[in-house]
Amino acid sequence: MENHPLNLAHQQYRRAEAHLKYKRFDEAMQCHHNAAELLLDAMKTTTSSVALESITLQHSYHLKQKDLIKIKKEQYARVKKAMENLKHLGKDQSLPCSENSKIQVAIYRNMYETDSLLEVLSSKKDKSDVAEKEQQVVVEEIQHLNRSLRSLVEQLVLQVEVLKDENMTLNERVNYFEKERNRYLNIQVSDFIHQNNFSNISLSNEAFAREPLPADLPSVSHHPPKVLGTGVARPVQQPLFDLSAFKDD
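Quick note, the sequence shown lines up with residues 1 to 249 if you use the UniProt record's numbering.
Derived from the structure by calculation, the hints contain no laboratory data.
Note that CB positions come from ideal geometry on N, CA and C, so glycine has one too.
One should not assume that every hint holds.
20 Å max Cα-Cα, derived EDC-like pairs, lysine to aspartate or glutamate [unchecked claim]:
1) K73 - E27
2) K64 - E84
3) K80 - D26
Between beta-carbon pairs, the in silico distance windows are [claimed, not checked]:
4) A18 - R173: 58 to 66 Å
5) T45 - L68: 25 to 33 Å
6) Q11 - L68: 27 to 35 Å
7) R150 - S49: 23 to 31 Å
8) T46 - K70: 49 to 57 Å
9) E166 - E84: 39 to 47 Å
10) K70 - Y184: 52 to 60 Å
11) N3 - R147: 44 to 52 Å
12) S60 - T169: 49 to 57 Å
13) Y176 - K70: 49 to 57 Å
14) K70 - K179: 31 to 39 Å
15) T47 - S151: 51 to 59 Å
16) Q159 - S54: 31 to 39 Å
17) R24 - L63: 48 to 56 Å
Use the sequences and the hints to build the structure in full.
Take a look at the structure:
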């Protein structure tokens with residue numbers, strides 16, 4: 001009976017809890033995986049609908065626990081890395097340590113401690129020999145961590161608002177300088193076009209002045225007409241007509 005798949009699955013569950021207590025996440029996930037596989041074998045040993053329903057629920061529970069432990073592993077890795085970075089920044093004074101980084105580390109740490117206390121509280125509910133006073137202490141610690149977490153989140157939100165205002169100011173400055181740049185470029189282009197048109201007109205006039213006149217065009221004398229010695233021009237000689245033929249006989 002001890003080697004029954006259902007009992008072996010329960011053993012794997014207890015091992016998973018022990019591994020999780022000491023932050024051995026991979027081993028805990030493997031135990032839940034083994035428990036789920038053993039429960040599949042246990043389904044084959046019974047035909048009772050009630051037993052099958054119970055085993056199916058336990059199988060789903062172990063699969064969910066496996067996924068939850070994976071998430072906890074990732075959270076723990078982020079918290080550990082953030083705390084190591086903060087410790088490194090604290091030792092090296094030459095490296096800048098922003099207030100935002102400190103807040104993020106504190107948030108991760110509070111979240112992790114809250115989860116740990118909730119696990120302790122949930123595990124103690126199954127034990128009858130645990131004093132109510134100890135549970136009250138755990139609850140007070142959780143409440144304190146929640147207040148601290150809320151304060152840290154408010155600080156983080158405030159920093160986000162400050163960054164948004166700074167970003168808006170920078171965007172306004174960029175737009176202003178962009179408009180000034182475009183206006184300067186438009187003035188330069190207008191001056192270039194005006195200067196280019198003036199140069200074209202000057203070149204056209206110079207080319208027209210240098211162009212030779214046609215050969216058949218009569219030359220215009222720039223000297224005044226010659227006059228007689230008296231200074232009066234000689235009148236043109238009138239022709240003589242014989243009008244006697246038109247007289248009446």
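Structure-based check of each hint:
1. Only pairs whose Cα atoms come within 20 Å are accepted, and K73 paired with E27 is accepted, the gap being roughly 11 Å.
2. For the hint pairing K64 with E84, the CA-to-CA distance comes to about 30 Å; that exceeds 20 Å, so the pair is violated.
3. A distance of roughly 17 Å separates the Cα atoms of K80 and D26; the hinted pair therefore holds under the 20 Å criterion.
4. Separation of A18 from R173 is about 60 Å and conforms to the stated range, judged on CB atoms against 58 to 66 Å.
5. For the pair T45 and L68, the beta carbons lie near 28 Å from each other, so the given range of 25 to 33 Å is met.
6. The hinted window of 27 to 35 Å between Q11 and L68 is violated, with their beta carbons roughly 20 Å apart.
7. Checked against the given bound of 23 to 31 Å, the beta carbons of R150 and S49, roughly 48 Å apart, lie outside it.
8. In this structure, T46 and K70 break the distance hint of 49 to 57 Å, their C-beta atoms being roughly 30 Å apart.
9. Restraint check, E166 to E84: a C-beta distance of roughly 30 Å breaks the suggested window 39 to 47 Å.
10. Judged by the Cβ atoms, the range 52 to 60 Å given for K70 and Y184 holds: they are separated by roughly 58 Å.
11. Take N3 and R147: their Cβ atoms lie about 51 Å apart, and the range 44 to 52 Å holds.
12. For S60 paired with T169, a C-beta distance near 53 Å keeps the hint of 49 to 57 Å intact.
13. Our hint of 49 to 57 Å for Y176 and K70 holds, since their Cβ atoms are close to 51 Å apart.
14. For the hinted restraint 31 to 39 Å between K70 and K179, the CB-CB distance of approximately 53 Å leaves it violated.
15. Against the hinted window of 51 to 59 Å, the Cβ-Cβ separation of T47 and S151 comes to about 57 Å, which satisfies the hint.
16. Taking the beta carbon of each, Q159 and S54 are about 50 Å apart, not inside 31 to 39 Å as hinted.
17. Range check, R24 to L63: Cβ separation about 19 Å, and the 48 to 56 Å hint is violated.
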